[in-house]
Amino acid sequence: MEISDKSFRRFFEEAPEMLFIADREGRLLAVNPHGAGLLGYASPQELLAVGSIHQLYYYPQDEKDFRKRIEQEGLIRNYELTLRKKDGGKISVSLTGNAIRDGSSEVVGYEGIVRDFSERKRLEKQLLHLERLAAMGKLSAELAHEINNPLGGILMYAKLALEDLPEGDAQAQHLEKISRLATRCRMIVRGLLDFGRGDTAEREWVDINQTILDMFDLIRDHILFRPVRVEMKLGENLPRVWGNRSNLEQVALNMMINAAEAMEGQGTLTIETGYSKEESSFFMYFKDTGPGISKENLNKIFEPFFTTKKRGRGTGLGLSISHGIIQKHGGSIQINSRPGEDTTFIIQLPVGKDDHEDTR
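Adding 903 to a residue's 1-based position in the sequence shown gives its number in our numbering.
Be aware that one or more of the hints could be misleading.
What the hints assert, rightly or not - DSBU-like mimics (lysine-lysine), calculated; alpha carbons at most 30 Å apart, straight line: (1) K1190 with K989; (2) K1198 with K1231; (3) K1203 with K993; (4) K988 with K967; (5) K967 with K1028; (6) K988 with K1190; (7) K1136 with K1231; (8) K1136 with K1062; (9) K1024 with K993; (10) K1136 with K989; (11) K1062 with K988; (12) K1180 with K1024; (13) K909 with K1080; (14) K1028 with K988; (15) K1198 with K993; (16) K971 with K909; (17) K967 with K993; (18) K1062 with K971; (19) K967 with K909; (20) K1028 with K1180; (21) K1136 with K1080; (22) K971 with K1080; (23) K1024 with K1136; (24) K989 with K971; (25) K1190 with K1024; (26) K971 with K993; (27) K971 with K988; (28) K1080 with K1024; (29) K967 with K1024; (30) K1190 with K1180; (31) K1062 with K1080; (32) K1028 with K1203; (33) K1203 with K1231; (34) K993 with K1028; (35) K988 with K1231; (36) K1024 with K989.
Just so you know, the hints here were simulated from the structure itself, not pulled from any lab data. These figures come from a predicted structure and were not determined experimentally.
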């Protein structure tokens, strides 16, 4: 059965993948509508006006490598590379190409099929994050025992030292702070393990205002916070939140530390809480006057291990863990950032229908 030119043209025009033909020099001779749309062009004619296929390679080395291989091997299947879109952005694709040869086996052109590889790349990246999280969970479990043992010793000896001190001794305050900080370290380890295992933590009614004050009391004397001006605007008569106390303490602590580190120890941290009866939600706002977050990094800020801090100043886990905790509590975290001015993290937590009246 012969295939008519009309049938071939319909196949070419309606194919759900990018089809193209180029000459020996790389000038585009034909491209289908899907190919134009894939790269952000309004029509095949607009894409053909670009002239050379060379302009579509995002990385010049991709073109050199592909051209060398296709001329040597003739047919290349599923070659992964990055193309440039009309707006200058990039797109990951898989290219299957064939070298067109004349009667003397000289290459006279190229034809190919291009498939959008972005979704697969995204899933591969997500899988890599999950694998890293699994590795982190395994490492945490192995380290938890080693960490908890010395923490237990610190707590025990701090308690014994407190008992030996005469009443009213000035050292008691320092020993009590050691006990609180060691207890907090235990909670952090436990919270990290809970994060890796899933939502298994016990819940209770939590006073978020008091949680914020308690966590700030732990770190207010830290060198990072000494030059920072902290403004507390905590709402009055707010409902308590049904959640895991240790997890929510960790979120508050992470948010304060993240803000102070972003400001590099100078600036203003504003912490505000409130309740929306219309949305039946509790809100926390953590606003810092740091350098802000670029648009490019906003989409990555909650990814595990992502950090813009200097080497050795962060693991890239604090915001990721906080995000996971808030999601497990049925809430959300939003970010408003103005590069060069400030950043605000807005945390929303649900409050039950009657909680505002019954749990104050």
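Status of each hint after checking the structure:
Distance hint between K1190 and K989 is unfulfilled; the C-alpha atoms sit about 37 Å from each other, more than 30 Å. Between K1198 and K1231 the CA atoms are separated by roughly 26 Å; this keeps the pair inside 30 Å, and the hint holds. At most 30 Å may separate the alpha-carbon atoms for a hinted pair to count; K1203 and K993 meet this at roughly 17 Å. The straight-line distance between the Cα atoms of K988 and K967 is roughly 19 Å, inside the 30 Å bound, and the hint therefore holds.
Straight-line distance between C-alpha atoms of K967 and K1028 comes to about 26 Å, which keeps the hinted pair within the 30 Å bound. At most 30 Å may separate the alpha-carbon atoms for a hinted pair to count; K988 and K1190 exceed this at roughly 36 Å. With a C-alpha separation of about 26 Å, the suggested pair K1136 and K1231 falls inside the 30 Å cut-off, and the hint holds. Restraint check for K1136 and K1062: not satisfied, since their Cα atoms lie roughly 35 Å apart, outside the 30 Å limit.
For a cut-off of 30 Å, the pair hint linking K1024 to K993 stands: about 13 Å separates their Cα positions. Straight-line distance between C-alpha atoms of K1136 and K989 comes to about 47 Å, which puts the hinted pair past the 30 Å bound. Proximity of K1062 to K988 is assessed by CA-CA distance (about 65 Å); at most 30 Å being required, the pair is judged violated. Distance hint between K1180 and K1024 is unfulfilled; the C-alpha atoms sit about 42 Å from each other, more than 30 Å.
Taking the CA atoms of K909 and K1080, the gap is about 83 Å. The hint is violated against a cut of 30 Å. Taking the CA atoms of K1028 and K988, the gap is about 21 Å. The hint holds against a cut of 30 Å. Of the pairs offered as hints, the one joining K1198 and K993 holds, with about 16 Å between alpha carbons and a cut-off of 30 Å not exceeded. Simply put, K971 and K909 have alpha-carbon atoms about 34 Å apart, too far for the 30 Å limit, and the pair is violated.
In summary, the hint linking K967 to K993 is supported, as the alpha carbons are separated by about 18 Å, within the 30 Å threshold. Restraint check: the Cα-Cα separation between K1062 and K971 comes to about 73 Å, which exceeds 30 Å; the hinted pair is violated. Under the criterion of a C-alpha separation no larger than 30 Å, the hint pairing K967 with K909 is inconsistent with the structure, at around 35 Å. A hinted pair counts as satisfied when its Cα atoms are at most 30 Å apart, and K1028 with K1180 does not qualify at roughly 40 Å.
Between K1136 and K1080, the direct Cα distance comes to roughly 25 Å. Compliance with the 30 Å bound is thereby established for this hinted pair. Only pairs whose Cα atoms come within 30 Å are accepted, and K971 paired with K1080 is rejected, the gap being roughly 67 Å. For the hint linking K1024 to K1136, the alpha-carbon distance of about 44 Å lies beyond 30 Å, and the restraint is violated. In summary, the hint linking K989 to K971 is supported, as the alpha carbons are separated by about 26 Å, within the 30 Å threshold.
Taking the CA atoms of K1190 and K1024, the gap is about 34 Å. The hint is violated against a cut of 30 Å. Only pairs whose Cα atoms come within 30 Å are accepted, and K971 paired with K993 is accepted, the gap being roughly 22 Å. About 23 Å separates the Cα atoms of K971 and K988, which keeps this hinted pair within 30 Å; it holds. Proximity of K1080 to K1024 is assessed by CA-CA distance (about 48 Å); at most 30 Å being required, the pair is judged violated.
Of the pairs offered as hints, the one joining K967 and K1024 holds, with about 23 Å between alpha carbons and a cut-off of 30 Å not exceeded. Of the supplied pair hints, the one linking K1190 and K1180 holds, its CA atoms being roughly 23 Å apart against a limit of 30 Å. Of the pairs offered as hints, the one joining K1062 and K1080 holds, with about 11 Å between alpha carbons and a cut-off of 30 Å not exceeded. Only pairs whose Cα atoms come within 30 Å are accepted, and K1028 paired with K1203 is accepted, the gap being roughly 12 Å.
For the proposed pair K1203 and K1231, the alpha carbon gap of about 20 Å is at most 30 Å, so the pair holds. For the proposed pair K993 and K1028, the alpha carbon gap of about 16 Å is at most 30 Å, so the pair holds. Among the hinted pairs, K988 with K1231 is inconsistent with the structure: their alpha-carbon atoms are about 38 Å apart, more than 30 Å. Restraint check for K1024 and K989: satisfied, since their Cα atoms lie roughly 21 Å apart, inside the 30 Å limit.
Checked against the numbered hints given earlier, the structure breaks hints 1, 6, 8, 10, 11, 12, 13, 16, 18, 19, 20, 22, 23, 25, 28 and 35 and satisfies all the rest.
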